[in-house]
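S.K.: Here's the letter readout for the chains.
Protein chains: 2
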Amino acid sequence: MAIRIGILGYGNLGKGVESAIRQNPDMELAAVFTRRDPKSLSVPTKDAQVLPADELEGRKGEVDVLILCGGSATDLPKQTPQYAAMYNVVDSFDTHAKIPGHFAAVDAQAKRGGKVSVISCGWDPGMFSLNRLYASVVLPEGQDYTFWGKGVSQGHSDAIRRICGVKDARQYTVPVPEAVEAVKSGAAPQLSTRQKHTRECFVVAQEGADLARIEQEIKAMPNYFADYDTTVHFITEEELARDHSGLPHGGCVIRTGRTGMDLEHGHVVEYRLNLDSNPEFTGAVLVAYARAAYRMNQEGMSGCKTVFDIAPSYLSHKSGEELRGSLL
Amino acid sequence: MAIRIGILGYGNLGKGVESAIRQNPDMELAAVFTRRDPKSLSVPTKDAQVLPADELEGRKGEVDVLILCGGSATDLPKQTPQYAAMYNVVDSFDTHAKIPGHFAAVDAQAKRGGKVSVISCGWDPGMFSLNRLYASVVLPEGQDYTFWGKGVSQGHSDAIRRICGVKDARQYTVPVPEAVEAVKSGAAPQLSTRQKHTRECFVVAQEGADLARIEQEIKAMPNYFADYDTTVHFITEEELARDHSGLPHGGCVIRTGRTGMDLEHGHVVEYRLNLDSNPEFTGAVLVAYARAAYRMNQEGMSGCKTVFDIAPSYLSHKSGEELRGSLL
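Protein chains in written order, with the working numbering: chain A, 180 to 507; chain B, 180 to 507.
Treat the hints as calculated values from the structure; they're not laboratory data. Treat the numbers as computed from the prediction; the structure is a model and nothing was measured. Where is the CB? At the ideal position from N, CA and C, for every residue including glycine. You may find that some hints are simply not true.
If you anchor each label on the Cβ, the simulated ranges turn out as follows [to be verified]:
{"hint": "1", "chain 1": "B", "residue 1": "Thr-274", "chain 2": "A", "residue 2": "His-496", "range": "24 to 32 Å"}
{"hint": "2", "chain 1": "B", "residue 1": "Thr-274", "chain 2": "A", "residue 2": "Glu-443", "range": "42 to 50 Å"}
{"hint": "3", "chain 1": "B", "residue 1": "Thr-274", "chain 2": "A", "residue 2": "Glu-501", "range": "51 to 59 Å"}
{"hint": "4", "chain 1": "A", "residue 1": "Gly-334", "chain 2": "B", "residue 2": "Thr-274", "range": "45 to 53 Å"}
{"hint": "5", "chain 1": "A", "residue 1": "Gln-374", "chain 2": "B", "residue 2": "Glu-234", "range": "28 to 36 Å"}
{"hint": "6", "chain 1": "A", "residue 1": "Asp-205", "chain 2": "B", "residue 2": "Arg-373", "range": "34 to 42 Å"}
{"hint": "7", "chain 1": "B", "residue 1": "Leu-220", "chain 2": "A", "residue 2": "Ala-367", "range": "45 to 53 Å"}
{"hint": "8", "chain 1": "A", "residue 1": "Thr-415", "chain 2": "B", "residue 2": "Arg-373", "range": "24 to 32 Å"}
{"hint": "9", "chain 1": "A", "residue 1": "Asp-205", "chain 2": "B", "residue 2": "Ser-221", "range": "35 to 43 Å"}
{"hint": "10", "chain 1": "B", "residue 1": "Glu-360", "chain 2": "A", "residue 2": "Ala-287", "range": "48 to 56 Å"}
To list a few chain A residues with every Cβ distance to chain B over 12 Å, as calculated [said to hold, decoys possible]:
{"hint": "11", "residue": "Gly-293"}
{"hint": "12", "residue": "Gln-333"}
{"hint": "13", "residue": "Thr-372"}
{"hint": "14", "residue": "Asp-488"}
Using the sequences and the hints, build the whole thing.
M.R.: Spelled out as structure tokens, the structure:
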């Protein structure tokens with residue numbers, strides 16, 4: 180019998196989860212839960228129910244794992260603890276400073292309900308975190324570097340859209356090639372924020388808007404842009420739709436370190452992602468961890484987990500014997 | 180109290196394990212066990228005992244994890260099952276076709292003794308296997324590629340040394356750059372053995388040996404060289420010592436795959452190692468998994484495990500809270 184998945188929140192990430200489920204024959208999309216009017220949603224998976232979010236309380240028997248596809252800023256801090264006692268849940272919570280509090284809140288509920296929760300899943304946090312951990316335990320004397328991009332940052336794009344006179348915008352985070360090369364050389368450079376990434380903005384301005392003022396406001400925005408070399412391009416709505424409608428992303432985690440009695444040998448460990456669709460790849464990670472959550476709960480486990488706490492074999496539908504035979 | 184490590188076999192790998200232990204303050208090298216005369220060994224770790232291998236039976240109280248540093252061909256198939264009931268053990272068994280039998284033999288002994296064994300640890304099998312698994316569960320519709328090198332293959336170097344008239348030799352496995360680029364482009368090429376790697380040999384011939392015959396014998400050797408484009412360079416003993424005394428290696432695992440309702444989005448996941456010292460990096464992986472074996476056994480687990488069965492958090496001396504705070 181297939182693992183029955185529920186999705187809460189049907190934006191880009193929810194749709195990415197839906198398409199990932201189709202690629203995993205041991206899983207099925209049982210229901211999409213939404214805070215919008217269910218009738219307004221067009222869900223390609225024909226057998227999936229589309230239900231209002233407030234029906235989640237009564238659907239425990241119909242869903243094995245609930246994948247929470249809301250935002251980290253306001254949705255997940257409420258939703259994940261709220262449903263962790265009712266369902267095995269998986270989320271992509273990525274507000275780093277708030278992970279300890281989120282973990283504690285979710286853990287208490289998951290244990291209360293005897294369910295497994297997996298938080299902070301995706302590629303960063305997620306696959307990148309795993310690679311930081313594996314590389315750091317093998318090379319304890321070394322340095323970690325994470326570069327993001329080239330890719331669309333939705334948070335930065337939103338920040339530009341809030342500026343008066345801006346109709347639409349798309350922001351790309353771009354790693355500085357010279358910085359990546361310096362890291363890979365093993366030189367272990369100290370890199371400032373500005374030295375690691377640049378920011379490239381494509382902005383559609385409202386008619387008659389003061390372009391110079393918009394550009395200045397973007398470049399001066401604290402946290403988002405002020406610490407970076409930022410380029411602003413004004414383009415038309417048509418150009419934005421034609422050239423910047425995708426959500427590509429990626430990046431790399433690099434650890435360099437030394438071994439030997441006199442630390443005479445250098446090593447470089449690099450993990451790199453190049454993704455055409457950030458939400459679809461993230462959704463695919465969430466689905467693999469949904470399988471793990473289900474299987475761990477079937478074995479009697481409960482509580483909040485992260486990617487660090489989950490043996491890789493739980494992610495695969497293959498048996499240990501098959502995994503050893505095909506991938507070891 | 181530190182985790183007390185024993186090493187069986189004090190060649191390149193055993194020495195790599197020794198230097199890795201020095202980089203992990205929660206571990207100490209308790210003893211080196213050898214089949215040679217213990218007096219003939221010079222072990223830099225002053226507090227470590229150097230003992231004959233046949234004393235292993237009587238040293239159970241002095242060693243928490245025994246790391247087996249013998250060869251896969253003849254040593255490990257005997258040694259790992261032999262000691263798996265007495266000690267938590269870790270090995271780097273890499274004869275792929277024989278892993279199922281090795282796993283079964285080790286598992287039975289480990290369960291009998293209530294100990295944890297970790298087999299087939301290192302970078303391939305090991306870190307590369309993990310990356311094959313993680314990438315395949317996230318991108319179920321895709322293709323895996325593993326490239327090795329540029330690096331020294333000890334098995335191929337040994338094969339050349341067995342040819343009549345050869346005094347010494349070093350063989351490098353080299354990935355074909357065009358093949359790697361074709362894979363990274365997402366084109367999912369079908370690649371033959373010859374298209375993926377070339378082999379480069381540096382040979383010191385005995386005085387008066389027939390160089391043309393040696394070159395021909397190398398290039399025609401089945402399994403080792405016949406399926407590859409092979410280059411043979413004859414050099415002097417001094418040149419070999421000067422330019423080819425290291426044991427660098429590395430390579431990459433690449434998975435490309437597609438997602439989306441119409442598989443419209445492509446993704447590339449790449450894991451790459453660039454290692455100055457193959458045995459030291461492998462030793463460092465074995466040491467991290469020795470920590471995991473010890474901790475899992477402390478929690479009451481037993482039996483044979485591979486990297487697939489071990490939650491990443493067991494590899495680190497840090498607490499779950501510290502890991503979430505620093506690496507997630």
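S.K.: Does each hint fit the structure? Answer for all of them.
M.R.: For each hint, the structure was consulted:
1. B/Thr-274 <-> A/His-496: 24 to 32 Å: 27 Å, holds
2. B/Thr-274 <-> A/Glu-443: 42 to 50 Å: This hint is violated: roughly 31 Å between Cβ atoms.
3. B/Thr-274 <-> A/Glu-501: 51 to 59 Å: Violated - the Cβ-Cβ distance for B/Thr-274 and A/Glu-501, about 19 Å, lies outside 51 to 59 Å.
4. A/Gly-334 <-> B/Thr-274: 45 to 53 Å: Because 49 Å falls inside the window, the suggested range holds.
5. A/Gln-374 <-> B/Glu-234: 28 to 36 Å: 55 Å, violated
6. A/Asp-205 <-> B/Arg-373: 34 to 42 Å: 38 Å, holds
7. B/Leu-220 <-> A/Ala-367: 45 to 53 Å: Since B/Leu-220 and A/Ala-367 have Cβ atoms about 34 Å apart, the given range 45 to 53 Å is violated.
8. A/Thr-415 <-> B/Arg-373: 24 to 32 Å: 51 Å, violated
9. A/Asp-205 <-> B/Ser-221: 35 to 43 Å: 55 Å, violated
10. B/Glu-360 <-> A/Ala-287: 48 to 56 Å: 50 Å, holds
11. Gly-293: 20 Å, holds
12. Gln-333: Holds: least Cβ distance 17 Å, greater than 12 Å.
13. Thr-372: Correct as stated: the minimum Cβ-Cβ distance to chain B is 19 Å, above 12 Å.
14. Asp-488: With a cut-off of 12 Å, A/Asp-488 comes too close to chain B, as the shortest Cβ separation is near 5 Å.
Of the numbered hints given earlier, the model fails hints 2, 3, 5, 7, 8, 9, 14; all others are met.
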